[in-house]
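**Q** These are the residues of each chain, in order.
There are 2 protein chains.
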Amino acid sequence: MANDRDDALVVGVDYGTLSGRAVVVRVRDGAELGTAVHEYRHGVVDQTLPGSEKPLPPDWALQVPKDYVDVLRIAVPDAIKNAGVNAADVIGIGTDFTACTMIPVTADGTPLCELPEFADNPHAYVKLWKHHAAQPQADRINSRGEKWLPRYGGLISSEWEFAKGLQLLEEAPEVYGAMAHWVEAADWIIWQLTGNYVRNACTAGYKGIYQDGAYPSEDFLRELHPDFAGFVRDKLDHPIGQLGDRAGDLTNLAAYWTGLPAGIAVAVGNVDAHVTAPAAQAVEPGRLVAIMGTSTCHVLNGAELREVPGMCGVVQGGIVGGLWGYEAGQSGVGDIFGWFTENQVPPSYHDAARAQGVSLHEYLTALAAKQRVGEHGLLALDWHSGNRSVLVDHELSGLVLGQTLATKPEDIYRALFEATAFGTRMIVEAFTDSGVPVTELVVAGGLLQNELLMQIYADVTNLPLSTIGSAQGPALGSAMHAAVAADAYPDIIAAAAAMGSVNSGVYQPIPENAAIYEQLFMEYADLHDHFGRGANDVMHKLKALRRSAVAGR
Amino acid sequence: MANDRDDALVVGVDYGTLSGRAVVVRVRDGAELGTAVHEYRHGVVDQTLPGSEKPLPPDWALQVPKDYVDVLRIAVPDAIKNAGVNAADVIGIGTDFTACTMIPVTADGTPLCELPEFADNPHAYVKLWKHHAAQPQADRINSRGEKWLPRYGGLISSEWEFAKGLQLLEEAPEVYGAMAHWVEAADWIIWQLTGNYVRNACTAGYKGIYQDGAYPSEDFLRELHPDFAGFVRDKLDHPIGQLGDRAGDLTNLAAYWTGLPAGIAVAVGNVDAHVTAPAAQAVEPGRLVAIMGTSTCHVLNGAELREVPGMCGVVQGGIVGGLWGYEAGQSGVGDIFGWFTENQVPPSYHDAARAQGVSLHEYLTALAAKQRVGEHGLLALDWHSGNRSVLVDHELSGLVLGQTLATKPEDIYRALFEATAFGTRMIVEAFTDSGVPVTELVVAGGLLQNELLMQIYADVTNLPLSTIGSAQGPALGSAMHAAVAADAYPDIIAAAAAMGSVNSGVYQPIPENAAIYEQLFMEYADLHDHFGRGANDVMHKLKALRRSAVAGR
Chain A
-7 MANDRDDALV VGVDYGTLSG RAVVVRVRDG AELGTAVHEY RHGVVDQTLP GSEKPLPPDW
53 ALQVPKDYVD VLRIAVPDAI KNAGVNAADV IGIGTDFTAC TMIPVTADGT PLCELPEFAD
113 NPHAYVKLWK HHAAQPQADR INSRGEKWLP RYGGLISSEW EFAKGLQLLE EAPEVYGAMA
173 HWVEAADWII WQLTGNYVRN ACTAGYKGIY QDGAYPSEDF LRELHPDFAG FVRDKLDHPI
233 GQLGDRAGDL TNLAAYWTGL PAGIAVAVGN VDAHVTAPAA QAVEPGRLVA IMGTSTCHVL
293 NGAELREVPG MCGVVQGGIV GGLWGYEAGQ SGVGDIFGWF TENQVPPSYH DAARAQGVSL
353 HEYLTALAAK QRVGEHGLLA LDWHSGNRSV LVDHELSGLV LGQTLATKPE DIYRALFEAT
413 AFGTRMIVEA FTDSGVPVTE LVVAGGLLQN ELLMQIYADV TNLPLSTIGS AQGPALGSAM
473 HAAVAADAYP DIIAAAAAMG SVNSGVYQPI PENAAIYEQL FMEYADLHDH FGRGANDVMH
533 KLKALRRSAV AGR
Chain B
-7 MANDRDDALV VGVDYGTLSG RAVVVRVRDG AELGTAVHEY RHGVVDQTLP GSEKPLPPDW
53 ALQVPKDYVD VLRIAVPDAI KNAGVNAADV IGIGTDFTAC TMIPVTADGT PLCELPEFAD
113 NPHAYVKLWK HHAAQPQADR INSRGEKWLP RYGGLISSEW EFAKGLQLLE EAPEVYGAMA
173 HWVEAADWII WQLTGNYVRN ACTAGYKGIY QDGAYPSEDF LRELHPDFAG FVRDKLDHPI
233 GQLGDRAGDL TNLAAYWTGL PAGIAVAVGN VDAHVTAPAA QAVEPGRLVA IMGTSTCHVL
293 NGAELREVPG MCGVVQGGIV GGLWGYEAGQ SGVGDIFGWF TENQVPPSYH DAARAQGVSL
353 HEYLTALAAK QRVGEHGLLA LDWHSGNRSV LVDHELSGLV LGQTLATKPE DIYRALFEAT
413 AFGTRMIVEA FTDSGVPVTE LVVAGGLLQN ELLMQIYADV TNLPLSTIGS AQGPALGSAM
473 HAAVAADAYP DIIAAAAAMG SVNSGVYQPI PENAAIYEQL FMEYADLHDH FGRGANDVMH
533 KLKALRRSAV AGR
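Chains as they are written, first to last, in my numbering: chain A, -7 to 545; chain B, -7 to 545.
All the given hints hold, so there is nothing to weed out.
Because identical chains share one entry, a pair is satisfied inside a single copy or across any pair of copies.
DSS-like cross-link-like pairs, simulated, lysine-lysine; straight-line CA separation at most 25 Å:
#	residue 1	residue 2
1	K227	K139
2	K46	K400
3	K533	K362
4	K362	K46
5	K58	K73
6	K227	K58
7	K46	K58
8	K400	K362
9	K400	K533
Simulated from the structure, these hints should not be mistaken for lab results.
Chain A with its partners taken away, still in its complex shape (with noise of 0.2 Å):
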């Protein structure tokens, strides 16, 4: 068996919103040898639940826990065989997944909705991140002013921890009361594989709240609903595993899933976005990874600790050893995209395209492309799923304004790209006032192959944009703490200058297109203000009325 160090291997797994993806890298220069992905066979349970025909709630989002399964044992050996190498020189294995994704577990990991007693209560499923019916718990937990909030920018998300898990309890007592753990997907693949469960320090600090060695308060928990009191003793407090530490090793069930050697080592799980940044060699201070899929989740490292309103959090090593690690994030980005192509464009352009033989978004883009900033005449807001960064409020919308029977599909499709990268830029200006420097933006995820995209964020943020080297950023990432935890470098730092790669500044911003977007921003700023600060709240008045429609169904 071949292991010294010139062969040696790790895998990384990237658990993403629809599908996992298993990727083989050579420990010594990061080269991606092989790679597969498996597509979750249920998918976002956001309409009803496998085998039922009751319609779920608004905002909620769901996913299955085998799926999760199925991913290490398709993709992983699938990836394995596409490299075309020998399994057996593989040395760690690591993970990262969507966060702040939630699973209520038996004492043993086995997920509620596995039993039988639970398996069409929706509440016993995985809730994903991206499930907002969570917001009146959120209010409730924001509203007492506690010491932590200004860690989370001053307001707590409803995707988080905390507020999920107080939904549990008020909306399903039983499937509250027979869970022992309350368990991030992070955390609970990484069960899966090793046999121990270890909270890793990344989710625990930005989505469960644990900040200076410390959870909220008995008393905090207890003010918010008196059988709530023992919620982080009973459910959520566990050892901590520090980033690119050694979780346990490969236990035999998962090395006959996966076809890896048992006993390796197993990363201490981590979150898509924070593995990227030293995939991208994004690990100083001032390099703003943006990892833009979906939705897009920020990350910045920070020499010092300052307090950024409407970040998601701030976490001391919550990305690198050392630094603080700040999170911001953007609910939805790509999957509006994907909703407007879906929903909003007409034949015609989708034989177009077919003919072109291009993809609708190829074909979007092109014509977009061909247009002068501010030719459209439309302004969007880019929250129709809510937004995370800089208001934390999912009980917000979207919105399209400036509308003409001139108006034609590409303008729209245009104008939500823009909508996005002035949400990115709002988030950028909420940590350069705070203290905490913006030079250069690193994109990372699937988004970037976008041009188009990459040079209106450019324009916007009137920033360099820089892009990752690597297709599969969050993947490379995760492997490259499989390293560390292999022990095959002494910290992530010195793997991401081994492994890591960047296009630095290959985009750089236009001027006279970033005068006028300077012009159309101070337009969105406006807007963002006044439906997003509570000059009117017509957002939230026609959320509060559909869920009353539906409720009267």
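Mind docking chain B on chain A? Use the hints.
**A** Same frame as chain A, but now just chain B:
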């Protein structure tokens, strides 16, 4: 030749935005015996002039006058043929037209666009009512606080004779100079039928600022532009005919075109909306007639003169002799729905509609009709074609708010229905608040066939809603005016009683829907005032940016 009272016939011709319709009507009871439609060969010219590839600027909308004559040559004989009657029994013809639709002509009525030297000059063509490029001129006309402004709700529209005329002078002085008359298409078509140029009292009052026997003063015109001082005297002023008067006799040439007897009565020109009120027997005060097609025109008789903010105008005898005729309007209604189905509905919906053998409008309507009020969570502003009443601002644009990733095409479609209903309610409230009570909605026009839309209008306005008995109200109304011009009835009130028809109160407000729409209307009103009354003038800024981007191409 049978010409006794029992068999006597009249022909009405309704010139719409895209086509002209002729109907053959029995004088004694209004029975519609035959009809025919002819679509304008050039439709609405808003991209390039015929035979040219040079793009027109944004907001332009032109037509080709020969298309109007083709309606006389094709639709009128076809209607006679379809009726299976003897053309010799026809005793009169009447017409109605879109307004304000303006043609620059020579002294003999030849449109300037038919002269070789002007064939490639867009300004020599018909400026259709929805040509919205004269807003800067309208703004200047409105800025001087003239005494006639209150008769027009405080604002003269960019659609009307003076704004379009001033644009013509300023942008194409050579065309302006060559023009002997600036003629409403409503009067130009009568000129073609009779050889006489007679200005009708309706457009002269509503669109030509003719009030209390006078036009705006020469001093006022000179202040707008020195060369505009003679606009009224040289280009506009001309003898005025009252509605239902005989403009003249059918010429031999027009008899040859139409197949009708030469010498029969031709009624003074009229406007589509205004002829429809008697066709729906809505001649009493309180009955607001909404003629709902591509746009909506509202006409209402009142016993007294009141100043209503944002109405289009009030003209004595503007609809029916002896009453004050009030007009208001929404620039975009059916064309917004049409734009939506053409540009924003995906292939699966087209396929499903085809499979069911229904139109896309019918398919979307059926889906939208299943929803409860408020269920889609959306709110829209119906300003895709600007706002005629009550804001009189064609620099405004559309807005859709509340989109999520679950938003479906039928959701937006229904929200656009509702937005136009809220727009109508704004108008109803403006009249009521100004002492011109509205007690009933009477709907005419093609959109009355949509039962969902009608119920939404009843619910949103909280008024009983009646529908006109005829499927071709304007053409019937024109035929009724022909009967009056031919002396078959003493006046239009007598003709309305004998020849008009209405289905009274066929839609009644549903209280639980009306209650929710009451809340939604308050939200609509908030957006309406915020974006329409200057608090946020982003729509104006976007239009200006769009113009400069297009100009810079």
